[in-house]
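Please build the complete structure, drawing on both the sequences and the hints.
Protein chains: 2
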Amino acid sequence: MTSLTVPDYVPSPAEDCEQLNLAFAGWGTNEDLIVNILAHRNASQRRAIRDCYPKIYGNDLLKDLDKELTRDFEKIVLLWTLDPSERDAVLAEGVLRKWHSKDSVLIEIACTRSSKDLHLVRQAYHACFKRSLEEDVAYHVKGEFRKLLLPLVSAYRYEGPEVDMTLAKLEAKILHDKISDKAYEDDELIRILTTRSKIQLGATFDHYNNEFETAITKDLKCDSDNHFLSALRNIVLGISSPTMYFAEVLGDALNRMGTDEEALTRIVVTRVEVDMEAIKEEYHTKNGAPLYKAIKNDTRGHYEDMLLALIGHE
Amino acid sequence: MTSLTVPDYVPSPAEDCEQLNLAFAGWGTNEDLIVNILAHRNASQRRAIRDCYPKIYGNDLLKDLDKELTRDFEKIVLLWTLDPSERDAVLAEGVLRKWHSKDSVLIEIACTRSSKDLHLVRQAYHACFKRSLEEDVAYHVKGEFRKLLLPLVSAYRYEGPEVDMTLAKLEAKILHDKISDKAYEDDELIRILTTRSKIQLGATFDHYNNEFETAITKDLKCDSDNHFLSALRNIVLGISSPTMYFAEVLGDALNRMGTDEEALTRIVVTRVEVDMEAIKEEYHTKNGAPLYKAIKNDTRGHYEDMLLALIGHE
Numbered sequence: 001m002t003s004l005t006v007p008d009y010v011p012s013p014a015e016d017c018e019q020l021n022l023a024f025a026g027w028g029t030n031e032d033l034i035v036n037i038l039a040h041r042n043a044s045q046r047r048a049i050r051d052c053y054p055k056i057y058g059n060d061l062l063k064d065l066d067k068e069l070t071r072d073f074e075k076i077v078l079l080w081t082l083d084p085s086e087r088d089a090v091l092a093e094g095v096l097r098k099w100h101s102k103d104s105v106l107i108e109i110a111c112t113r114s115s116k117d118l119h120l121v122r123q124a125y126h127a128c129f130k131r132s133l134e135e136d137v138a139y140h141v142k143g144e145f146r147k148l149l150l151p152l153v154s155a156y157r158y159e160g161p162e163v164d165m166t167l168a169k170l171e172a173k174i175l176h177d178k179i180s181d182k183a184y185e186d187d188e189l190i191r192i193l194t195t196r197s198k199i200q201l202g203a204t205f206d207h208y209n210n211e212f213e214t215a216i217t218k219d220l221k222c223d224s225d226n227h228f229l230s231a232l233r234n235i236v237l238g239i240s241s242p243t244m245y246f247a248e249v250l251g252d253a254l255n256r257m258g259t260d261e262e263a264l265t266r267i268v269v270t271r272v273e274v275d276m277e278a279i280k281e282e283y284h285t286k287n288g289a290p291l292y293k294a295i296k297n298d299t300r301g302h303y304e305d306m307l308l309a310l311i312g313h314e
Numbered sequence: 001m002t003s004l005t006v007p008d009y010v011p012s013p014a015e016d017c018e019q020l021n022l023a024f025a026g027w028g029t030n031e032d033l034i035v036n037i038l039a040h041r042n043a044s045q046r047r048a049i050r051d052c053y054p055k056i057y058g059n060d061l062l063k064d065l066d067k068e069l070t071r072d073f074e075k076i077v078l079l080w081t082l083d084p085s086e087r088d089a090v091l092a093e094g095v096l097r098k099w100h101s102k103d104s105v106l107i108e109i110a111c112t113r114s115s116k117d118l119h120l121v122r123q124a125y126h127a128c129f130k131r132s133l134e135e136d137v138a139y140h141v142k143g144e145f146r147k148l149l150l151p152l153v154s155a156y157r158y159e160g161p162e163v164d165m166t167l168a169k170l171e172a173k174i175l176h177d178k179i180s181d182k183a184y185e186d187d188e189l190i191r192i193l194t195t196r197s198k199i200q201l202g203a204t205f206d207h208y209n210n211e212f213e214t215a216i217t218k219d220l221k222c223d224s225d226n227h228f229l230s231a232l233r234n235i236v237l238g239i240s241s242p243t244m245y246f247a248e249v250l251g252d253a254l255n256r257m258g259t260d261e262e263a264l265t266r267i268v269v270t271r272v273e274v275d276m277e278a279i280k281e282e283y284h285t286k287n288g289a290p291l292y293k294a295i296k297n298d299t300r301g302h303y304e305d306m307l308l309a310l311i312g313h314e
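Protein sequences appear in the order of chains A and B. Residues in the first sequence are numbered consecutively from 1, following my numbering. Residues in the second sequence are numbered consecutively from 1, following my numbering.
By construction, these hints were calculated from the structure, which means they are not laboratory data. Any given hint could turn out to be false.
As the list claims (entries may be wrong) - Each computed DSS-like pair below joins lysine-lysine, with the alpha-carbon atoms no more than 25 Å apart:
#, chain 1, residue 1, chain 2, residue 2
1, B, Lys142, A, Lys182
2, A, Lys147, B, Lys173
3, B, Lys147, A, Lys178
4, B, Lys198, A, Lys169
5, B, Lys178, A, Lys142
6, B, Lys147, A, Lys198
7, A, Lys147, B, Lys63
8, B, Lys198, A, Lys147
9, B, Lys116, A, Lys116
10, B, Lys182, A, Lys142
11, B, Lys198, B, Lys173
12, B, Lys182, A, Lys147
13, A, Lys198, B, Lys173
14, B, Lys130, A, Lys173
On a predicted model such as this, the values are computed, not experimentally measured, just so you know.
Listed below in structure tokens is the structure:
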């Protein structure tokens with residue numbers, strides 16, 4: 001469920017543009033007004049504002065926001081204002097330009113979006129960057145990570161309800177054998193994780209967890225410095241329990257020395273309109289304290305205001 | 001340009017269904033009538049006939065055709081009647097069920113369709129087979145062929161006009177180095193062929209051909225028993241000169257001991273509504289005789305009638 005709150009009376013896009021333009025006018029910027037408007041408009045309303053703004057003021061709204069805002073507040077407002085598929089394309093390109101094996105953004109996008117949405121991300125990537133997503137993955141990522149990430153971002157997984165239990169048992173055993181042998185880069189292990197439908201993989205992971213007595217996510221957790229192992233674990237968690245995955249990333253971003261604002265911003269803007277309420281619940285259970293408290297502790301100013309507005313805790 | 005001829009007056013789908021049902025009625029089947037109707041309707045008209053038929057007769061048209069027809073004539077009528085993306089999905093699944101490294105069907109579909117059309121094939125594959133195309137490729141194909149075919153069928157290549165000449169020169173050299181070293185299964189060679197846009201690859205191949213004095217297709221032709229090498233050559237030819245590729249496949253299917261009806265049928269039904277006129281010209285130039293003559297020499301009966309009707313030579 002979404003945590004977005006949209007007012008009963010939503011002003012017309014032209015009225016919103018006028019208010020945003022007022023917020024930019026004169027010395028200083030009225031950040032509160034920007035939060036008040038943008039943090040309370042859904043994707044199609046924001047799209048309408050973006051389409052309307054240049055017709056009235058001749059400028060691109062994102063460019064004006066970019067000019068007026070700074071730092072973490074700028075980043076969250078810009079990312080939030082984008083269409084979901086465009087935003088994912090921008091996030092993916094951002095990590096690819098300075099790719100590091102510990103980045104989980106590509107895995108997150110590839111494993112927690114629907115097949116249709118992942119295809120929309122690939123379309124948006126064409127439009128934004130004049131290249132394909134998989135072209136950039138193959139170009140920037142080398143070795144075993146390329147072998148894993150290329151099929152992952154190129155997948156168009158089947159999404160029907162069919163489960164083949166014989167196959168699930170067979171492939172659970174393959175996964176267990178390979179993981180026991182520490183053969184993490186094995187072709188068959190990668191084939192199973194990158195091509196099977198999520199429902200089929202759910203059955204495979206369930207069988208693994210029951211048959212071999214340890215959860216597959218636990219078997220993949222033995223070494224936190226092994227980024228490839230973490231990648232495999234993120235794939236399994238992102239596919240089987242996206243809510244837990246997102247709560248865990250938020251926990252890691254907040255409960256550490258120095259907040260990871262990049263991850264915090266990313267999870268909030270990408271999940272607000274999808275499943276933020278479930279993520280907040282999961283976060284609370286996992287950490288014994290509500291998400292908004294951790295955000296209040298760790299962030300400041302308009303960035304904090306924007307985060308709290310988006311998760312529904314103003 | 002299409003070789004399809006559609007009559008000035010096209011009967012309504014219901015009238016076509018009535019005639020088809022007459023063709024099936026009583027003892028024996030009126031194959032001429034089937035050719036007369038179906039070989040002269042475009043994809044959307046055939047779709048309308050397929051949608052209309054069960055409403056009148058309660059049966060699926062394809063099942064009735066399957067019951068009434070036999071052998072090569074049956075195969076060509078069934079394949080022709082399908083939607084283009086559904087037909088490609090059926091062709092791909094057909095080769096995957098009994099995959100052999102000399103099959104070029106997957107390469108043909110992956111390299112000669114537009115990015116959008118290849119995505120439609122993947123959607124149709126979901127609908128027809130309750131699995132994804134790449135899932136079946138990864139499952140049925142092993143080793144170096146999996147490494148090549150999986151990214152190929154999963155690609156969503158960028159289709160804009162941009163060419164990076166520096167990159168083209170750099171990657172032409174990589175291709176040349178790898179081919180000279182017979183390192184055909186090299187990661188970089190496969191990355192370039194499977195992810196770059198077709199226009200970018202065109203520039204890369206042009207640079208290869210000019211800089212290294214032998215055409216890349218020639219460098220990839222040294223050993224016809226090496227199926228992997230043939231696969232690479234088919235990729236290059238399918239991407240850079242699809243018309244030549246199709247004319248070559250038709251030539252191989254016809255000018256040999258025992259016609260390859262499978263390839264002949266496939267190329268005809270998949271190209272009639274796209275570029276069959278150009279393929280016929282290329283075939284004529286290459287073989288010194290028109291395509292219809294070779295078809296008349298090599299095929300018989302209603303199968304021959306259907307082929308000639310489709311290529312516009314009744």
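Quick rundown of the hints versus the structure:
About 21 Å separates the Cα atoms of B:Lys142 and A:Lys182, which keeps this hinted pair within 25 Å; it holds. About 23 Å separates the Cα atoms of A:Lys147 and B:Lys173, which keeps this hinted pair within 25 Å; it holds. For a cut-off of 25 Å, the pair hint linking B:Lys147 to A:Lys178 stands: about 19 Å separates their Cα positions. Taking the CA atoms of B:Lys198 and A:Lys169, the gap is about 41 Å. The hint is violated against a cut of 25 Å.
Simply put, B:Lys178 and A:Lys142 have alpha-carbon atoms about 17 Å apart, close enough for the 25 Å limit, and the pair holds. Restraint check: the Cα-Cα separation between B:Lys147 and A:Lys198 comes to about 23 Å, which is no more than 25 Å; the hinted pair holds. Using a Cα cut-off of 25 Å, the hinted pair A:Lys147 and B:Lys63 is violated, with the two alpha carbons roughly 42 Å apart. Simply put, B:Lys198 and A:Lys147 have alpha-carbon atoms about 23 Å apart, close enough for the 25 Å limit, and the pair holds.
The straight-line distance between the Cα atoms of B:Lys116 and A:Lys116 is roughly 13 Å, inside the 25 Å bound, and the hint therefore holds. Note on B:Lys182 and A:Lys142: the hinted pairing holds, with a Cα-Cα distance of about 21 Å set against a maximum of 25 Å. Proposed proximity of B:Lys198 and B:Lys173 is supported: the alpha carbons are some 17 Å apart, at most 25 Å. A threshold of 25 Å between alpha carbons decides the hint, and for B:Lys182 with A:Lys147 the separation of about 22 Å falls inside it, so the pair holds.
About 41 Å separates the Cα atoms of A:Lys198 and B:Lys173, which puts this hinted pair outside 25 Å; it is violated. Distance hint between B:Lys130 and A:Lys173 is fulfilled; the C-alpha atoms sit about 23 Å from each other, no more than 25 Å.
The structure does not agree with the numbered hints 4, 7, 13 stated previously, though it agrees with the rest.
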